[in-house]
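Colleague: Construct the entire structure; sequences and hints are all you get.
Okay, here's what each chain looks like letter by letter:
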Amino acid sequence: MQQVSELEQLERPHGIRDWLSTTLGRVLVSVFVPLVTFIILYQVFLFLRDAAIPQWITAIIAILWGVGGVLALFSLSNYVIEQLPVLWRRRLTPFVFVGPALVILTWYLVLPTLRSFVASLYDATGQNFVGLDNYIFAFTSPEMLQSFRNNFVFWLIFCTALSVGFGLLIAVLADRTHPTFETVCKALIFMPMVISGVGAAVIWKFVYEFRPPGSPQIGLLNGALTGLGLDPQAWLLLQPWNNLFLVAIMIWLQTGYSMVILSSAIKGVPADLYEAGRIDGANEFQIFRSITVPSIRGTLITVATTIILATLKVFDIVQSMTGGNFGTQVIANVQFTQLFRQVNNGRAAAIAIILLIAVIPVMYYNVRQFGKQTEAF
Amino acid sequence: MASATISPRSRKSPVGMIIVYAVMLLVTLLWLTPTVGLLVSSFRPGDDVKRTGWWTVFTDPATATFTLDNYRTVLGLPKEGQVVQAGQEINLGTAVINTITIAIPSTVIPILIAAFAAYGFAWIRFPGRRLLFILVVALLVVPLQISLVPILRDYLRLDLGGTYLGVWLAHTGFGLPLAIYLLYNYISTIPRDIFESAFLDGATHFTIFLRLILPLSAPALASFAIFQFLWTWNDLLIALVFLGAEPRVQVLTQRLLGLLGQYGQDWHLLTAGAFISMLLPLCVFFVLQRFFVRGMMAGSVKG
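Chains as they are written, first to last, in the working numbering: chain A, 1 to 377; chain B, 378 to 680.
Hints in this document: simulated from the structure, not taken from any laboratory. Remember, predicted model here, so these are calculated numbers, not experimental data. One should not assume that every hint holds.
Stated by the list, open to error - Which bits of chain B does chain A cover? Going by a derived footprint, with three or more residues having C-beta under 8 Å, they are: (1) 422-433; (2) 439-447; (3) 475-488; (4) 547-554; (5) 568-575.
From the three backbone atoms N, C-alpha and C, an ideal C-beta is built for every residue, glycine too.
Modeller: The following block contains the structure:
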C-alpha cells in the first residue's frame, strides 16, 4: 500500500514546467489516435472514391479499414506509451483510453454548441453580425409559430399521452394473459419500433391515401369510409387535424417501446402488494390506480420523457409524409429547410439553439431518473 | 384458505378474461394491419396497387394476382421481357450496400472508442476524472441539430461531404455520450477482484481491457450495438445532411424519401423498396429480441 501512495505522490506534477509538460503530453496522447486514424482513413477514402472497383469490394475494404484501423491505432498509441519511463507511462495511460473519445466529442458536440451560438448571431452566409435577428425570426415567422404549436400541442401532448397510455394499458392487460399469447402479442406490437420513420411513412401512405369520390380507394381509412357509404376524406390536408394523423404514426412506432419498458416494470412489482390490496377488498381498477401506477412511477417518467424528447426532435415522419406543408411544420424540419433549401446558416443555427434549450430540462430529468434505475441494464 | 385460490396477479373471472383477450387481439390486429398492407401490396402487380385497395386480396381472393416484379425492378434485376421504362431503373441494390457500409462501422467504431473511455473513467484513477465524466454525460442533452451547421462547414473545407468517413464520424460523435454512459454503468460494476490478480501478475491496463473487460462486457456491448445499428440503419437526417444528393452514395432511407416525392407514380416500387429497407431490422428484431429489449431499456436517452 505504501508503495502505491508514493507512486501516486510522484505522479502528481511538481512545479509549473512539470505541469505544463504533463498536460501537453496528455493532449498529445488524446489527439494522437483520432488524428492519425483520420489522416490514414481520409487518404484511403480519397483513393476509394476515385478508384474504379466494384461497389461491394469498396464496401468491404471500407468496413475492414475503418474498424481495424481504429483498433490498430489504439494498440499503437499504447505501444508508444509503454516505451516511456514508468512515471510518464502512469501519467499518460488514462488518456490513451479516454482521450480519443474526448477529442471526438469536442469536435462534434462541444465546439459545435459554441459555434452554432456564434453563427446564430450572424446572417445567412456568416459574414455580417445581425444580433438577435435570427431569434426574432425564430419567434415571429409564421412557419416557426406553426411549428411551436404543432411540436408542443399536437406532438408533445398527444403523442406522449397516447403512447404512454396505450403502452400502459397493453402492458397491464398482457400481464393477465397466457405467457405465450402475451409474448406473441407484445412482439407484434413492439415490431414497428425497428421501422424507420421513412419506412413508416410509406406504410401509412397506404392508410391515408385519398382518391376523389367515385373512384376506388386504395387507402385503408377511405376504403373503410366508402365501405360504410361515407365520403372519402383527404386526411393529410385536413388542417389542423392532419397533425394528429401524423402523430398517429409516431404513436404506432412508440407504443411498443413504452409497453415493453412498462411491462417489465409491472412484472417487478412485488406480488404481495397485490395480495394485500385484494385482501383489503380493492377492485381491479383501484389496484391499478393505487398499487400498480405508484410502484412504476419512476419508469413512467423515464418513458414519458424519452417520448417527449423524440417528439421535440421529430423530423423524418413529417419530412416524408407532408414535407412540412399543409400546416404540419415542425421545428426540426424548419431547421433542415433553412439549412438546405434557404441556405441560411444563421437561422438554422438559431433554431438549433432553441431546440437545445427546449430539450435541456426534459433531458436533465430523464438522465436523473435513469441514473436511479441503472439496474435496468 | 380463500386466498389460495386467488392468483397473485389477478382475479380470473371468465367474463373479464374474455374481455382482456378480446382487447389484446384487437389491439394487436390494429397494430399489425398497416404493415400487412405494405407486405401484401409489395407482391401485387403495379397496376393493381394503383387501382384497388390491398385488402381486396382478402375480400375478393379470386381476382388476386401476385408477382415478384416489384422486387426485381427495385433491385435492378428485371425479368426477361419485362419492360423497364426509362427513369424507372431504381437500383436499390446500391443503396443497400451503402447502408451496410455506413451502419456497420458507425456501430463498431463508437462502441470501441466508448468502451476504452468507459474503462478509463471507471478503473483508472487520474486527476479530473470525475469532472470529465460529468461533462461527457452532460453532452447527452445536446441535440444533433446543433452540430449540423458547424460540422457541415468543416466537411466542406475538408472535402468530406458525401464520403462514408464523414458519416461514420458523425454517427460516432453523436453516439458517444450515450455509449460511454451506458458502458460505464456496466463496466464500473464488474467486481474489482476479477482484475486485481491480473494486476499483481504485472498486466497493464491495456491487456486487462482487451483480455478481461471486453469479453466480460459482451452483453452490454451487444445490447448497445443492436440499438446503435438500428439507429444508424434507420437514420435519415444525418444521411441527408452529410451524404448529399448523389444517388451513387445515398442510403435506403434517402432513396425511399426520393421515391415518396415522385407523387403517385411508383407506388408499387415504393412498397417493395420499403420492405427491403425493413427486412434487416426485422430480422435483427426477431432473432435478437432479448438483447434488443435490454438495449432499448438502457438506450432510452439517445440524443
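Colleague: It remains to establish, for every hint, whether it holds in the given structure.
Modeller: Results for each hint:
Three residues within the 8 Å Cβ limit are the bar, and the stretch 422-433 of chain B against chain A gives 7, so the coverage statement holds. Only residues whose beta carbon comes within less than 8 Å of a beta carbon in chain A count, and the stretch 439-447 of chain B has 0; fewer than three means the coverage is violated. Given a C-beta distance limit of less than 8 Å, the hint that chain A covers the stretch 475-488 of chain B holds, as 7 residues qualify and 3 suffice. Closer than 8 Å: that is the beta-carbon criterion, and the stretch 547-554 of chain B has 6 residues meeting it against chain A, so the requirement of 3 holds.
Chain A is given as covering the stretch 568-575 of chain B, and this is violated because 0 residues of the stretch bring a CB closer than 8 Å to a CB of that chain, at least three being needed.
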